[in-house]
Amino acid sequence: MQNLPHVDETRGKSILHRIWYSIFRSTPLPATALDRSQAVANNFFLHIHSAKVGERTLRFKTTLGLGLMTFFTFIILVVTGILLMFYYVPTPEQAYDRMLDLRSAVFFGSFLRNLHRWSAHAMVLLALLHMMRVFLTGSHKAPREFNWVLGVVLLLLTLFMSFTGYLLPWDQLAYWAIVVGTAIAGYAPFVGDEVRFIMLGDTQVGSEALLRFYVLHVAVLPAVLVLLIGWHFWRIRKDGGLARPREALAASAAASIPVPVPVPEPKDGDEPRNKDEPKDGDEPKDGDEDGGDGSKEKK
Amino acid sequence: MSKIETPDFERLPVNPDKTYGLMCVVPTRTEAVTIETEKQVLSWPEGLLRYLLVFLALFVVLSIISLVFNAPLEEPANALHPPNPAKAPWYFLGLQEMVSYSAFWGGVGIPTLLVLLAIAAPYLESKPGGEGVWFHSCRSAANWTFLTIMGTLGVLTLIGTLFRGKNWDFILPW
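Chains as they are written, first to last, in this note's numbering: chain A, 1 to 299; chain B, 1 to 174.
Just so you know, these hints were derived from the structure itself, not from any lab.
A quick note: this is a predicted structure, and the numbers were derived from the prediction, not measured.
Some hints here could point you the wrong way.
Said to hold, decoys possible - Pair ranges (Cβ atoms, derived): (1) A:Val89 x B:Asp169: 44 to 50 Å; (2) A:Leu46 x B:Asn15: 49 to 55 Å; (3) B:Leu80 x A:Val89: 20 to 26 Å; (4) B:Ser140 x A:Val78: 36 to 42 Å; (5) B:Leu114 x A:Phe86: 35 to 41 Å.
For each residue, glycine too, the CB sits at the ideal point set by N, CA and C.
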């Protein structure tokens, strides 16, 4: 059975103490390195993050904090978006009136809508700047190619997220922006009209389009976005943290990962050291000992 | 000498007091023990408190903007009264500007190629070097290509946003 120190630690303690440990499994203000590592590793929301992080990673110049800020605008958008959902009805008859209600009848309604809209613009801008940072620091290169691809998909989803939200106020600005935007999709050869029809649910921007954009905006796209953001973060960790200069990379390898020592190949005529070892060209056997231990040696 | 020697017990006698002994010397590279290790800090509190500060700063800035500037709200949507010009959201105005030259290439062809190029970029730029360094000299060709594309899109977006008026004619914003 796994060691459960919290059970012993909390025995005989106050009910608040026991409730805290039942949730967090670590002290509220961890002071030792062990407790501090566990505060991260034992937390559901933080466990995707490593317990330690390179000092260089935290320097402002390294990332300018752009990816983090993009994520935080998304958090603000989810919270303000959910609050706005309580007041919004996605029909051409009601949508615009609900905007007026937000101004006049809802407590902090204007602020809520303003924050949602400006955060949405900020998210698009920050995602673009984050993409530029990653490219200009060469951080998209191997082994992080796929995380870059995920990032490109996330950027497109962010644009589509913003675009679908743009229609919802159902004012002249929203309506004609979507007319123009979806007309661009209609220029695709062969499938253009079909794509446009699928987006709008009609040949015109009307009630069907409003409903479709609403469902995409509040359910489908956020769900996909949350999934891909999780994947994006997980890959940062699996790719060994942020990209770093070659010298620092060697240093980090020396610090944490045991470097396999290459053993020289026996020359012709020598007895093979291990007769079971597959020779060059042999198929690797099932249960290849290199599988998954992360210390695969390059030849 | 690349041969693995069998233990040379004559030259390297076994010490009976020890459970280990020197078996052979392998002429090869070993761990880079002389390199200074990368300085690491604990995520809590060094990292997470910084993240919190970034969040608070961002939230304060966005809140101030939201208190000062109201989100635009025009007249109710009316399919019979198109504004002139009708503009897409700002991030698509680069596309709309290109569409004014060629509907297919501006709206579909070039955007598709750019997305494919973006996805392919890390696979095309396969030569290692310059990772984690701003504007590394060995990557200047890639960086200039990227900046040229982004700059062109930025200029087109600015033109579409500020310099286009009625009938998509060129205007000056001032």
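Quick rundown of the hints versus the structure:
1. Take Val89 of chain A and Asp169 of chain B: their Cβ atoms lie about 39 Å apart, and the range 44 to 50 Å is violated.
2. Range check, Leu46 of chain A to Asn15 of chain B: about 50 Å between beta-carbon atoms, so the 49 to 55 Å window is met.
3. As the Cβ distance of Leu80 of chain B to Val89 of chain A is approximately 23 Å, the hint placing it in 20 to 26 Å holds.
4. Distance hint check for Ser140 of chain B and Val78 of chain A: the Cβ-Cβ separation is about 40 Å, which falls inside the suggested range of 36 to 42 Å.
5. Our hint of 35 to 41 Å for Leu114 of chain B and Phe86 of chain A holds, since their Cβ atoms are close to 39 Å apart.
Figure legend: structure checked against the earlier numbered hints; the only hint not met is number 1.
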